[in-house]
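Respectively, the protein sequence lines represent chains A and B. The numbers in the numbering used here rise by one with no breaks, and the one at position 110 of the first sequence is 110. The numbers in the numbering used here rise by one with no breaks, and the one at position 12 of the second sequence is 12.
Keep in mind the hints are simulated off the structure, nothing from the lab. Be careful, since some hints might not be right.
[Claimed, not checked] To give an idea of the interface, some chain B residues facing chain A are shown, with a C-beta separation under 10 Å as derived from the structure: (1) Val-4; (2) Gly-40; (3) Pro-43; (4) Glu-44; (5) Arg-48; (6) Leu-91; (7) Glu-102.
[Stated by the list, open to error] Which chain A residues stay away from chain B? Per the calculated CB distances, all over 12 Å, these: (8) Asn-22; (9) Asn-53; (10) Gly-54; (11) Leu-65.
Fair warning: this is a prediction, and the values are worked out from it, not measured in the lab. All residues carry an ideal CB built from backbone N, CA and C; glycine is no exception.
Next come the chains, spelled out residue by residue.
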Amino acid sequence: QKEVEQNSGPLSVPEGAIASLNCTYSDRGSQSFFWYRQYSGKSPELIMSIYSNGDKEDGRFTAQLNKASQYVSLLIRDSQPSDSATYLCAVNEWSGGSNYKLTFGKGTLLTVNP
Amino acid sequence: EAGVVQSPRYKIIEKKQPVAFWCNPISGHNTLYWYLQNLGQGPELLIRYENEEAVDDSQLPKDRFSAERLKGVDSTLKIQPAELGDSAVYLCASSTRQGGGEQFFGPGTRLTVL
């Protein structure tokens with residue numbers, strides 16, 4: 001069973017701080033990695049995608065990927081109360097042709113306190 | 001650009017009744033996915049379509065669930081008969097290409113089976 005594990009929450013940070021969300025995955029064949037934000041009662045919203053080792057920055061968000069360690073993380077700088085949500089890590093395992101599957105972690109609930 | 005459209009948004013039925021969900025993907029997205037999300041869990045894939053072909057339905061409980069995408073655009077997911085354990089959020093997503101590109105979710109249908 002291929003797994004995607006996220007650090008257990010909830011995670012609480014003060015406004016303006018850096019929030020760090022972590023995710024590990026079990027399948028070394030994984031090709032692409034995504035972070036989704038899900039507000040309570042809403043559907044997942046794609047906020048970051050990363051495909052190669054290293055960092056990818058988009059505004060206040062930075063995704064980090066280390067395929068050797070099978071680890072992907074999301075940093076949120078200058079956290080705002082509006083960032084309070086559940087963050088889902090998703091890993092795409094591709095075994096060639098049309099054989100791929102996006103596996104989600106259970107999510108980490110982030111609360112940013114004013 | 002319009003996002004993924006789903007209807008209805010909410011559905012309450014009694015057990016053993018049938019229910020159907022409808023999804024219209026983002027224009028030009030050939031790949032369509034149906035997911036199920038239980039509270040506190042990440043989405044789990046039920047079925048994936050490439051155009052009108054169901055290329056991965058391994059997680060679809062075929063004794064009671066069925067799906068179709070006859071013209072390769074919109075899709076319907078049906079449950080007949082519904083059971084208490086089917087209460088969940090049913091999410092539809094779409095993407096532009098095979099091989100695991102970015103997936104974009106619709107608002108979901110929250111099903112309650114009494």
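Checked hints:
1. Using the Cβ-Cβ criterion of 10 Å, the hint placing Val-4 of chain B at the interface with chain A is satisfied: the shortest such distance is roughly 9 Å.
2. Hint on Gly-40 of chain B holds. Least Cβ distance to chain A is approximately 7 Å, under the 10 Å limit.
3. Given hint, Pro-43 of chain B at the interface with chain A, holds; its Cβ is 5 Å from that chain's nearest Cβ, closer than 10 Å.
4. This hint holds: Glu-44 of chain B has a C-beta 7 Å from the nearest C-beta of chain A, less than the 10 Å allowed.
5. Here the hint on Arg-48 of chain B is kept, as its CB sits about 8 Å from the closest CB of chain A, short of 10 Å.
6. Because the closest C-beta pair between Leu-91 of chain B and chain A is about 6 Å apart, less than 10 Å, the hint holds.
7. Evaluation of the Glu-102 of chain B hint against chain A yields a held restraint, the C-beta minimum of about 5 Å falling below 10 Å.
8. With a closest Cβ-Cβ approach of about 15 Å to chain B, Asn-22 of chain A is found to remain outside the 12 Å limit, as its non-interface label requires.
9. Here Asn-53 of chain A stays apart from chain B, with its beta-carbon at least about 17 Å from theirs, past the 12 Å limit.
10. Listed as outside the interface, Gly-54 of chain A is consistent with that label: its C-beta sits roughly 19 Å from the nearest C-beta of chain B, beyond the 12 Å cut-off.
11. No beta-carbon of chain B is positioned within 12 Å of the beta-carbon of Leu-65 of chain A; the least distance is around 15 Å.
When each numbered hint is compared with the structure, no violation occurs for any of them.
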